[in-house]
Amino acid sequence: MPHTIVEMYVPATFADEGTYKISLDNRPAHITIQYLPSHGNFAHVTGLDATQNLDPDDPSGIVNFSYIEMDFPYYLEEPGKGLSDDSSERASAYHKKIDDLCLRYLNRLVDVVRYCTQRYWIRSIPLDLLHVHMIKEVEEDSGGRGISWIRMPSGSKVEWKIQSQLEVQERLVHILEHETRLPVSETLFLEALNYYYCSNIVQAVIVANTLLEVFVMDDIIDSYMKQGKSGGEAKILVAKSYKKKFEPMIKNIISKKGQTCHLIQS
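Counting in my numbering, the sequence shown runs without a single skipped number right up to 973 at its last residue.
Derived from the structure by calculation, the hints contain no laboratory data. Among the hints, a few may not be true.
[As the list claims (entries may be wrong)] In the DSS-like style, the derived pairs of lysine-lysine whose C-alpha atoms are separated by at most 30 Å in a straight line are:
#	residue 1	residue 2
1	LYS868	LYS804
2	LYS803	LYS843
3	LYS728	LYS843
[Unchecked claim] Label-pair distances were calculated between CB atoms; the ranges are:
#	residue 1	residue 2	range
4	SER930	GLU898	19 to 27 Å
5	HIS802	LEU883	47 to 55 Å
6	GLN825	GLU874	15 to 23 Å
C-beta: ideal position from N, C-alpha, C; glycine also.
Could you put the whole structure together from the sequences, leaning on the hints where they help?
Printed below as a string of structure tokens:
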């Protein structure tokens, strides 16, 4: 019987140790979770023994990590093809398939544990916290092992242009020392991205909706001010038109299927 076994770790805890059978789309998988105490740093900082505090609700991974083995009773690709293919493009697609599949099963477990226990603080697992380091294809009946593949964690997969703090140090210091007000729309945009890449889609949509309102209103206020209106007059005009035109338009947009996620990704 063929098996695909994926080994990974998540720097947080979200469910009790043990083995769970989870079915999605009528395809079962067995997930085994084992805690790995991060007691080195924890003990050094706090002076406490982390091994005496195996808390299953450690969303920040302060005390424990979760070491996970996920066993799929089938091959995800033709035997050996996903792991041994020489094409980097095909290999990359296979690895992405593994990541996405593992996240689906793990976050299903998170949702069910959170629902049944009412422990609302348990967080969904984002892609950047999923560290898959080994994939095995095993043929159980033959007693032989298939191909194994090991990869090192590569960190966050967020596709976003960022700068090092050193590159923006002068600007950063100026803003801090002169109490410069940050643009609300850009702050909200970064917050929405943060929620999105942490798999908190509901909160990302809410923040993105607020961002759109703020961005459009700021733009209209600027337009009024360029026409000679004062800041106060421009804000009053925008406030009056908001209830009549803008709010119904926003409600119509976000009520359409798929629009909310599109707003975030755009």
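So, going through the hints one by one against the coordinates:
1. Simply put, LYS868 and LYS804 have alpha-carbon atoms about 24 Å apart, close enough for the 30 Å limit, and the pair holds.
2. Between the alpha carbons of LYS803 and LYS843 the distance comes to roughly 15 Å, so the proposed pair stays at or under 30 Å and holds.
3. The straight-line distance between the Cα atoms of LYS728 and LYS843 is roughly 19 Å, inside the 30 Å bound, and the hint therefore holds.
4. In this structure the hint that SER930 and GLU898 lie 19 to 27 Å apart at CB holds, the actual value being about 26 Å.
5. The hinted window of 47 to 55 Å between HIS802 and LEU883 is violated, with their beta carbons roughly 41 Å apart.
6. A hinted range of 15 to 23 Å is violated for the C-beta pair GLN825 and GLU874, which are about 45 Å apart.
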